[in-house]
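Model the full structure from these sequences, guided by the hints.
2 protein chains.
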Amino acid sequence: MTVTREDRWTADPGELLRVGPGFRLADVDADTTPGYDGRKKHGRADLRAGTDELADLQERLYAQSRQDPAAPSVLLVLQAMDSAGKGGIVRHVIGATDPQGIQLKAFKKPTPEELGHDFLWRVEKEVPEAGYIGVFDRSHYEDVLIGAVRELAPPAEIERRYGAINDFERRLTESGTRVVKVMLHISSEEQKARLMERLDRPDKHWKYNPGDVDERQLWPRYMEAFQTVFDRTSTERAPWYVVPANAKWYARLAVQALLLGVLEDIDPQWPTATYDVAAEKRRLAAT
Amino acid sequence: MTVTREDRWTADPGELLRVGPGFRLADVDADTTPGYDGRKKHGRADLRAGTDELADLQERLYAQSRQDPAAPSVLLVLQAMDSAGKGGIVRHVIGATDPQGIQLKAFKKPTPEELGHDFLWRVEKEVPEAGYIGVFDRSHYEDVLIGAVRELAPPAEIERRYGAINDFERRLTESGTRVVKVMLHISSEEQKARLMERLDRPDKHWKYNPGDVDERQLWPRYMEAFQTVFDRTSTERAPWYVVPANAKWYARLAVQALLLGVLEDIDPQWPTATYDVAAEKRRLAAT
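Each protein sequence line maps, in turn, to chains A and B. Take the first sequence: its position 19, counted from the start at 1, is 19 in this note's numbering, and no numbers get skipped. For this note's numbering, count along the second sequence from 1 and bump the result up by 1000.
Think of the hints as simulated: they come from the structure by calculation, not from any bench. Even for Gly, the Cβ is constructed at its ideal location relative to N, Cα and C. Do not rely on the hints blindly, as some may be mistaken.
Here are some, though not all, of the chain A residues that point toward chain B, as calculated from beta-carbon distances under 7 Å [to be verified]:
#1 R66
#2 V90
#3 D98
#4 P99
#5 V127
#6 D203
#7 W206
#8 P210
#9 I266
#10 W270
#11 Y275
#12 V277
#13 K281
#14 T287
So, in structure tokens, the structure goes:
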């Protein structure tokens, strides 16, 4: 990412948070704010400041695709333990862009029809069109996370899926979609506090499900499953980023920075007119 | 609408802008700001102030539906002549809400597959799920607007469609969807200025299409087609609202007020917990 306006990023989050060889999830401290030399108030101000830039780049991305059906798109994949803040990313980072350029899909528990197909069937239908920013709130990675932890499929099938995912994502990137995969990483203690808050506040009761505690009790196994996902599917073309997320403001700022980095790298340009501008001005003036 | 916070609305826009018996589109002055006693700066401030209320009501609407699959939804239908500001409504009114609660659909020129079905086939697939605010940027009304003006279907077929639309919308409302239909009304002179601006600015060239001038030359026929639409399809349950839109700030504020009015009328409530809150607190505390 080009560091602009503010110099509070001391390192490129696209490098710093990227899952490379030897990455260990267990070594990530969810309380930290890597690469950012500022506190909450700065982070919130910088998030607002980044909004206009994101909106501008998004409009260019969309405009470019109106003339070129092979123009790029972006796919942001969000995965996390419950209450880690996926919804906040969608609301505060994605929500600050133009909804006309967003394709948001929240993947729920698969339906019987979906289960009657390969796990990528329902995902394929939701990949973003040229010019759009697609956002997956949960994704095909559920099938190798809860899928592995809850043994919803035999080990050989889970194993097969890593390869299928890499093939799928390679095809996506080769056909012009930039894939950005983000795990929001909170600590187990932070999750406990957030779930307790949901139980404490009647206006949050609807967000709580007794199953949340059941999943929580499998925390170490989920962390192992995430580690395996990173080992097997963080590729050059479709890398994973692990974003410490105990500080919500940091997680939002970091995901915005990752998106800005990808969009600046695409550097979408306003398309030039395919009609005669002067002639059209005369036609219009005559009406 | 309950007039809150600001008293600049001197009349309920839900009454004032509603298309009732005897309504004449030709009598509406697109330059006016009916019912609002303020200028641009006030309108923009009030729009911002309404954002939090809209977001709160939207979250309640969504929360309610998580326990009740028959909970209400809202459908906002946007129709207008080109450049009237549909995109701005989506960006500035809808864009200020949580994207997770929005189902936005921009209807384009029908595909061959869509033309092989009844005109409502593609529309049915996009109606909002319980708890969502659906937004149609163009809609089934294209089939009785451009459909009539460009004679894309014989008169008897156009005639049939008014009845089919009323049946369809009655079914929607009876199954819990509140339907709000908005025409953004600009003057022909205002459109000319806006199209000319697109031709003057290279970063807007992609938004201009030579066909826009062709449609513009049929302005009086489009106004007649809109009048017929109002006469035939502004019903008690699914009314039309004509919003003067030469002042963009007013159109945005008015559409926000219409949505707030409908949501306040639904008055969605936080659902009560279906689990034992105290027991869950103990379970969670023990983890």
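Structure-based check of all given hints:
Because the smallest distance between the Cβ of R66/A and any Cβ of chain B comes to about 5 Å, under 7 Å, the interface hint for this residue holds. Residue-level restraint check for V90/A holds (minimum Cβ-Cβ distance to chain B is 5 Å; threshold 7 Å). A least Cβ separation of about 5 Å between D98/A and chain B falls short of the 7 Å threshold, and the interface hint therefore holds. For P99/A, the interface hint holds, the least distance from its beta-carbon to any beta-carbon of chain B being 5 Å, beneath 7 Å.
With a least beta-carbon distance of about 18 Å to chain B, the hint placing V127/A at the interface is violated under the 7 Å criterion. A least Cβ separation of about 5 Å between D203/A and chain B falls short of the 7 Å threshold, and the interface hint therefore holds. Look at W206/A: its Cβ gets to within about 4 Å of chain B, closer than 7 Å, so that hint holds up. Interface restraint check: P210/A against chain B, minimum CB-CB distance 5 Å, threshold 7 Å, status holds.
With its C-beta approaching chain B no nearer than about 16 Å, I266/A sits outside the 7 Å limit, and its interface hint is violated. For W270/A, the suggested interface contact is upheld, since its CB lies about 5 Å from the closest CB of chain B, less than 7 Å. Against a cut-off of 7 Å between C-beta atoms, the interface hint on Y275/A holds, since the closest Cβ of chain B lies about 5 Å away. Restraint check, V277/A versus chain B: the minimum CB separation of about 6 Å is within 7 Å; hint holds.
Hint status for K281/A: holds, given a least beta-carbon distance of 5 Å to chain B, under 7 Å. Look at T287/A: its Cβ gets to within about 6 Å of chain B, closer than 7 Å, so that hint holds up.
The structure does not agree with the numbered hints 5, 9 stated previously, though it agrees with the rest.
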